[in-house]
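As you go down the protein sequences, you meet chains A and B in turn.
Here the first sequence stands for residues 0 to 149, where the numbers follow numbering that gives the first Met the number 0.
Here the second sequence stands for residues 0 to 143, where the numbers follow numbering that gives the first Met the number 0.
Calculated from the structure, these hints are not laboratory results.
Do not take every clue at face value.
[To be verified] Not everything, but these chain B residues come out facing chain A in the computed CB check (under 7 Å): (1) G10; (2) L23; (3) F35; (4) G48; (5) V60; (6) Y128.
Treat the numbers as computed from the prediction; the structure is a model and nothing was measured.
Positions of the beta carbon are idealized from the N, C-alpha and C atoms, including for glycine.
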Amino acid sequence: MEIDWAGFTPIASFVGGCMIGLAAAILMAINGRVMGVSGVLGGLMSSAGSDNKPAEDDKSWRWLFVAGTVIGPFVVWGLQGAPIEITPVASGWMVPVAGFFVGIGAAVGNGCTSGHGICGLARLSLRSFVAVGTFVSTGIITVYILRHVM
Amino acid sequence: MIRSLSILATGIMFGAGLALSGMLNPSKVAGFLDLFGVWDPSLAFVMGGGVVLNFIGHRFVIGRGQPIYAQKFSLPTRGDLDPMLIWGSALFGVGWALAGLCPGPAIASVLLNPEDGVLFLVLMMAGLYIGRRLQAQTQAAATQ
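Excised from the complex, chain A in its bound form:
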């Protein structure tokens, strides 16, 4: 194994991670809901509201959270005075296929990187430990095949 020291950003990544974890705790404190993005988005498409609440009431907090998530990176952009570094890795057919896999996989597996990774692990959920172990493993295998086999 070789470490990418040039790309390694432990402090920014740790601080960013702490903000994500704090946001998860605050959403639970305010709204009593798990900050799982696939669940937040999935609830926007269901016709009935959860918790026997009217659908409109259940959807409004989801839209607000999504709007905040879109705005957040621009705050960082403004504060650091430089655009967020983004280098795509996929092109062509791989982008929609990846999106579809991520969507169906998160729905069937009951969670994604935020719901299982940040919230589930913090709650010491066995299901989340299994989910994170599984998706990190298949992710590593996929990148290995893309970069070192194909």
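Chain A is already provided as a structure; the job is to place chain B on it using the hints.
Leaving out everything else, chain B in the frame of chain A:
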């Protein structure tokens, strides 16, 4: 009003954290998953920071007994390991690695990285919709 603003602010903190952490950069995600190439361990620090903060924060919040603007905490109750959890997560990992995006970053980069973001997001929503229906059917079949 205060509830709405605080939820919006929480979303902003989440989006800002994603941007600062490097999770919006697909090549950084792929670099983290490239364990057998030139490995960038940064994203382990994202998960470490996030889990530790939420581990402490979650316990503090639950200890207060009730959320501020909701009647109760809605927490997942399932504890069983079913094949759907494994297969779903396995497929999720393949998609995450292919484009270097997962649901949070896909939303956060819809304006920053529209050439990847929009198409990815549309197909991700379609996948979520189909996956939820599959999930509901399996649950219904299991309880019959």
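Evaluation of the provided hints:
no. : hint : in the structure
1   : G10  : holds (2 Å)
2   : L23  : holds (6 Å)
3   : F35  : holds (5 Å)
4   : G48  : holds (3 Å)
5   : V60  : holds (4 Å)
6   : Y128 : holds (5 Å)
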